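Take the sequences, apply the hints, and build the full model.
Residue strings, one per chain:
Number of protein chains: 2
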Amino acid sequence: MSSGTLNDKVSVVLNDYLKSLDDRSEPVIRLASAVELKGIFKEGGMDMSLKDQEPTGDDALVAACENVLKYSVRTGHPHFYNQLYARGDFASIAGDWLVAAANTNVHTFEVAPVFTVLEEEVKQKVAGMIGPNFAKDYDGLFVPGGSLSNLYGLHLARHRIDPEYNERGGHGGPKLVMFTSDQSHYSYLKGSRLSGIGSRNLIEVATDAQGRMCPQALDQAIQDAIADGGTPFFVGATAGTTVLGAYDPFNEIAAICDKHKLWFHIDACWGGSALLSKKWRHCLDGADKANSIAWNPHKMLGTALQSSIFLVRDTEAEGNLLKKVNGTNAAYLFQPDKANTELDVGDKTIQCGRKPDMFKLWLQWKKWGDAGLEANIDHCFDLAYYFSEKVEASDSFCSVYPVQCTNVCFWYVPPSLKGFNFETATQEQLDQLDTVAPKIKEAMQERGNALIGFQAINGRPNFFRIVFANCSNVTKKDVDDVINTIDEIGRELC
Amino acid sequence: MSSGTLNDKVSVVLNDYLKSLDDRSEPVIRLASAVELKGIFKEGGMDMSLKDQEPTGDDALVAACENVLKYSVRTGHPHFYNQLYARGDFASIAGDWLVAAANTNVHTFEVAPVFTVLEEEVKQKVAGMIGPNFAKDYDGLFVPGGSLSNLYGLHLARHRIDPEYNERGGHGGPKLVMFTSDQSHYSYLKGSRLSGIGSRNLIEVATDAQGRMCPQALDQAIQDAIADGGTPFFVGATAGTTVLGAYDPFNEIAAICDKHKLWFHIDACWGGSALLSKKWRHCLDGADKANSIAWNPHKMLGTALQSSIFLVRDTEAEGNLLKKVNGTNAAYLFQPDKANTELDVGDKTIQCGRKPDMFKLWLQWKKWGDAGLEANIDHCFDLAYYFSEKVEASDSFCSVYPVQCTNVCFWYVPPSLKGFNFETATQEQLDQLDTVAPKIKEAMQERGNALIGFQAINGRPNFFRIVFANCSNVTKKDVDDVINTIDEIGRELC
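Heads up: the sequence lines are chains Y and E, in that order.
Just so it is clear: in the first sequence, position 349 is 349 by the working numbering, and no numbers are missing.
Just so it is clear: in the second sequence, position 311 is 311 by the working numbering, and no numbers are missing.
Each hint should be verified, as a subset may be incorrect.
[To be verified] Below, in silico cross-link-like pairs of lysine-lysine (BS3-like), each with a Cα-Cα straight-line distance of 27 Å or less:
#, chain 1, residue 1, chain 2, residue 2
1, Y, Lys125, E, Lys42
2, Y, Lys418, E, Lys338
3, Y, Lys279, E, Lys338
4, Y, Lys125, E, Lys70
Because the hints were derived from the structure by calculation, they are not lab data.
As the structure is a prediction and not an experimental result, all values here were calculated from the model.
In structure tokens:
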């Protein structure tokens, strides 16, 4: 045990942990149930329960921290491909550590002067990255996650179409209707409920064979909603859908929004990182025409969780829209007779206190520079295409959808289903294939080889979705190893 | 410069920073404008801007971190009394560091097994702390801040009164009406807008001379709303109002909610920490009768920002209410054919990803034990009453409201206003007093002596609100020093 305070000791443990993340001999996860975890902690001298809690010495606390890390999923392991996030960038983790030590809120400049200025700098950088329209007029906020980012967009859009909504509420107002694709993230659905729009008034627009919103179907859905007495106001597009990684056709959607005077929001939480790459930013062509955009650097870019930014094109005509929609001018916090209050951001939020989430991204950006971040994103795309080629080239695998972002959707096809073809498959074959991914996943979890997600959607039996996010530590050899692992387990179990 | 990785080096800087926080010779703040900060960083070798960003070496990054800490407000300084939070508890900061290194989300047990179990343990502990009703049937979540906690309560309440709301939306439904006191936090107002209730349907109930909601006024307001064609459904009470620290009369409010069948929510974000103290938990008598409660350990208890917990009494009849209201059963994430999915929490949220905010509170609780946390809260109250006695005993100060929580509201009365009495004051005297607090505050900021907030509310000219939160490092001598500092600056400037 090292000397020093609890914080000194925990720092040593954490820095050792980060250094160990490239160790491929470590399991991605030591699988244990809730009951088993409670037993492990108890045996380790630290009950998870807080019942009748006595004080605890630092050494026992440090040992508990070590147990927490040991039995937590190693998201920084090269073989963690399970979510739309992976290893936290180490510079951003250092930034997050500083934020914790500084322990403040970015509601007022008064209590967070440096962070307030840095938030402006990061917003300016990201706005410029989106394109000239955003660079010219923007406002925005770091918010706790992409779902809330999308909710911010919805809230602003509603205010624009119906400035009395905030005061009057949904009762007695127009029947507002919003649109998103049938492949979009469920946060649009949650937002429709929470905001009082109602899920019935959230229209899921059909997508093409690759999961991209069909512009014609959108236009038709808008016309149908109007004919039905509704007031369309919001289109929530997606840059990188959750499962397929599809990018909606933003130019076409922008034209339709323009025609019908609807708010155009893009959930770019996952796929927005392509903007950092000269090679891949074409995926977001037309995104600069949006009214608002949500992007999560904590996903593909690997900024430590959470780092999520909401930007709105705040044109002169609509100046200070965030403040107009959310502001309450609380007398106890945003006093006009205080210094620098014109820089206070808090009144633009639906929250009050906010963590200084900009700092970790700022530090990460400083560390790697534009070129370093670009290389990170390019590598994610490279590995996705490499993995996809391997799938195409193998008899044991079958592609479910073409690669569009850095998620690859595929089936493992056991020997008994050799030559499987989704279009011509019998129900019996589909049922059999449906059991394969869960079985292989469970074995990988138990052995700690790798973590990869699966799901059954769009009428497809369970298929794997491997995700490449912040994977500069992942090599083509790693990808080969994962393919081989799945094949081996598949042959053994299926 | 120490050796090792960037993270090693930043850890050293942060641990040194924490150790320096008791140094009273350090200024609470080095006041600088945004323009000045940009100059300081540029001179220090690190432009705040990210324009055309090149990579940066670790030593320059560490130097930038040092500058960030140097020009940030020292919220851990004994003389930071400005907000409803102060020093971050060091054990909780260590916990937050671990969370950053582990870089995961508590949406599924699969990717956060340890944190998921610990969240259950912390919820159980807090539910038991509130009382037997909550201990018996509860559910809950850590959420990013108290404003969103209150929004969760509103969302559940609306579902109970109008189960079709989520689908139908506000349009075509009943005119729902919610109630809170005229001293409550503005998050109720923001929530009424965002949720589609409408601020017009948020009734601000009158308070007594100490800022507590008047039960008779509430009952009358409910009857008036019904007579006006409204459907009352939600009462948002407060345990520890933002400025005065008032605790609403929960037993009386519970009886009224019971009579009218309304949802009873308590915003205990600030004052809920009194539950930890045998001496002060009486402030929350009747709170156990609420349907839902929001509590922020990051406020008085000093858990590192953010740590905010929402709890709901999830009775058998309403089982799994959070899931019913927020659940979407996203096929890609909450697969029924995965192991341990019954423990997944993510589908209960309005978000998707959530930081494991429970861990820092868990580690803090383990460190200090029940008695240690109780002593922390008792010390906050002790200092508030000590400060108040000093105010009462001095000719240079005048109390604005009696102490109820650990905030003390007071005027500095300059010699020219000696004997000031609010009830009998002339308009000229009020106008003169209104300029005093801003002037003294500005001087304290410039000199870095202390940070204390002020505001003009309830028809009172600007008065100071000093707050005692997580102040085990603050002594009576510190309190005396603050009093003397204000007096000295006041005599000098007013």
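(request) Give me the numbers of the hints this structure contradicts, sorted from smallest to largest. (result) 3
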